[in-house]
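Trainee: Each chain is listed here by its residues.
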Amino acid sequence: MKFWGKVMTIAWKDTISELRTKEITSSVLVFTLLVIVIFNFAFGTNREVLPAVAPGILWTTFVFAGMLSLNRSFIPEKEQGCLEGLVTCPVSREVIYTGKALSSLLFMLIVEAIALPIFSLLFNVPVLSLQIIVITVITTIGFVAVGTLFSALAINTKAREMVLPILFLPIVIPIIIGAVKATELTLTGESWSGLTSWFQIIIAFDMIFLVVSFLTFDFVIVE
Amino acid sequence: MNPAIKVQGLTKSFGTRLALRGIDLEIESGKSVVIFGPNGAGKTTLIRILATIMNPSSGIITFDGLNLKSHAEEIRRRIGIVTHQTLLYNNLTAYENLEFYGRMFDVPELKKRIQELVSLVGMTARLHDRVATLSRGMQQRVSIARALLHKPTILLLDEPETGLDQEAIPLIWDNMPDETGRKRTVILTTHNMERGIEVGERLLILDKGKIVYECVRGALDIAGLKEAYRNSTRTSV
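These protein sequence lines map, in sequence, to chains Z and Y.
Straight run, no breaks: the first sequence in the working numbering ends on number 223.
Straight run, no breaks: the second sequence in the working numbering ends on number 460.
Bear in mind the hints are in silico, worked out from the structure with no lab data behind them.
Model, not experiment: these values are computed from the prediction.
Even glycine gets a Cβ: it sits at the ideal position worked out from N, Cα and C.
Keep in mind that the hints are not guaranteed to be accurate.
From the structure, some residues in chain Y lie toward chain Z, with a derived Cβ separation under 8 Å [claimed, not checked]: (1) Met277; (2) Gly282; (3) Thr285; (4) Arg300; (5) Ile304; (6) Thr309; (7) Leu310; (8) Glu339; (9) Thr347.
The calculated DSS-like cross-link candidates involving lysine-lysine, where the alpha carbons are at most 30 Å apart (straight line), are [said to hold, decoys possible]: (10) Y:Lys292 / Y:Lys254; (11) Y:Lys431 / Z:Lys2; (12) Z:Lys158 / Y:Lys334; (13) Y:Lys374 / Z:Lys158; (14) Y:Lys374 / Y:Lys334.
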């Protein structure tokens with residue numbers, strides 16, 4: 001079985017495990033909905049400011065929900081003592097990284113797919129456009145690329161759930177700013193060509209951090 | 224012929240603490256080596272380094288002449304590991320766990336191989352139960368099946384009897400030869416001296432990260448081994 005076959009095997013294992021426990025998706029989804037509802041109450045009577053603040057609310061929600069999800073990416077492996085089983089498999093560390101990143105990406109996209117229509121309904125802003133879906137997908141790829149690396153790094157520390165946000169948030173700021181600005185432009189009716197520069201920033205971030213994560217994951221995962 | 228496992232000048236430090244201090248070890252193919260030592264002697268660290276779970280601080284390790292650093296994937300394919308941790312996913316069934324590891328190790332005719340092994344370890348009836356619902360002893364049986372799944376030529380056993388019932392303990396020792404009857408190379412760490420003297424062809428005592436005593440089976444009886452253990456672990460620096 002080649003690279004992608006092994007990657008899919010890891011993602012399959014994580015998906016089955018998640019389907020049984022719903023540990024990540026249920027907690028992240030509840031958190032996401034709660035944040036959206038609270039912000040909706042906060043800005044509910046002030047519809048004029050919504051187009052200006054909606055991108056920030058949307059991405060703040062996704063960032064913190066994503067961190068909750070990424071925090072759980074390697075912790076079950078560590079807690080159950082399975083990480084050692086995984087690293088003794090005859091596969092490159094890149095396979096493990098890509099498999100874990102793929103399953104995290106899947107869980108985050110599911111949560112986002114549920115959250116976007118609810119956000120659209122409660123805030124009455126058109127976030128279900130193709131442009132915003134593309135922005136969400138490419139930003140989530142970069143977010144997960146960095147998050148998987150730092151999640152693996154954090155599991156070997158004592159205060160692992162505190163370490164991830166401290167290390168991770170400063171790194172993802174550029175991509176989140178890019179996503180917020182691109183979402184804001186989309187909501188003001190900007191065309192695809194007007195979003196090009198923000199797309200370039202987000203895609204460049206994705207590529208850089210995918211390569212960096214590939215190259216450094218071996219040092220992070222092995223004690 | 225290259226030795227199955229060759230370790231030269233192996234050290235491992237955790238911060239300022241030296242867990243292994245220059246281990247030199249050569250094990251011929253098909254031989255079994257038992258390592259005794261008090262808690263904190265470095266037994267588990269040594270096994271974890273050999274299993275590629277942990278990087279050494281310095282030293283050279285080769286398996287059949289292949290350097291661990293440059294041929295890690297190929298070497299992992301030859302190793303089966305049983306530790307006091309089962310390395311199983313609690314939320315998957317025993318079958319799903321074996322299927323997962325089988326796919327990762329590219330085991331041919333995987334379904335047939337899983338059936339063979341679960342029958343061997345006496346877990347056929349609980350094969351489709353989630354690991355979290357199995358007793359510790361049953362989990363360890365599945366763990367033994369997992370370690371043997373890809374027909375490894377080298378077995379690394381780190382206190383493998385932990386949690387196993389008396390009936391299941393022979394499962395480990397009966398499977399030290401592979402299916403063709405060829406002896407596997409085995410490194411076992413244990414506190415159980417009776418078991419160690421029974422299965423090991425070479426007996427080592429590790430203390431404070433160093434091999435402080437070594438002999439071959441037959442050189443000592445159990446009383447002699449206990450005496451050697453007491454003397455070596457008391458006098459080592």
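Trainee: Going by Cβ atoms only, is Leu310 of chain Y closer than 8 Å to chain Z?
Mentor: holds (3 Å)
Trainee: Holds or violated: the hint that Thr347 of chain Y contacts chain Z, with Cβ atoms closer than 8 Å.
Mentor: violated (21 Å)
Trainee: Between Lys374 of chain Y and Lys334 of chain Y, is the straight-line Cα distance small enough, at 30 Å or below?
Mentor: Measuring from Cα to Cα gives roughly 15 Å; hence the hint holds.
Trainee: Can the hint on Met277 of chain Y be confirmed by a CB-to-CB distance to chain Z that is less than 8 Å?
Mentor: With a closest approach of 4 Å, the Met277 of chain Y hint holds.
Trainee: Tell me if the interface restraint on Thr285 of chain Y is satisfied: Cβ within less than 8 Å of some Cβ in chain Z.
Mentor: Thr285 of chain Y check fails; min Cβ-Cβ to chain Z is 17 Å, beyond 8 Å.
Trainee: Against chain Z, with CB atoms and a cut of 8 Å, does the hint on Gly282 of chain Y hold up?
Mentor: violated (15 Å)
Trainee: Regarding the pair Lys431 of chain Y and Lys2 of chain Z, is the alpha-carbon distance no greater than 30 Å?
Mentor: violated (43 Å)
Trainee: If you draw a straight line from the CA of Lys374 of chain Y to the CA of Lys158 of chain Z, is it 30 Å or shorter?
Mentor: violated (37 Å)
Trainee: Hint Arg300 of chain Y vs chain Z: min CB-CB distance below 8 Å?
Mentor: holds (4 Å)
Trainee: Given Thr309 of chain Y as an interface hint, is its Cβ closer than 8 Å to any Cβ of chain Z?
Mentor: holds (7 Å)
Trainee: Is the hinted pair Lys292 of chain Y and Lys254 of chain Y satisfied, with a Cα-Cα distance of at most 30 Å?
Mentor: holds (23 Å)
Trainee: Can we keep the Ile304 of chain Y interface hint, with Cβ of chain Z closer than 8 Å?
Mentor: holds (6 Å)
In summary, the structure is inconsistent with hints 2, 3, 8, 9, 11, 12 and 13 from the numbered list given earlier, while agreeing with the others.
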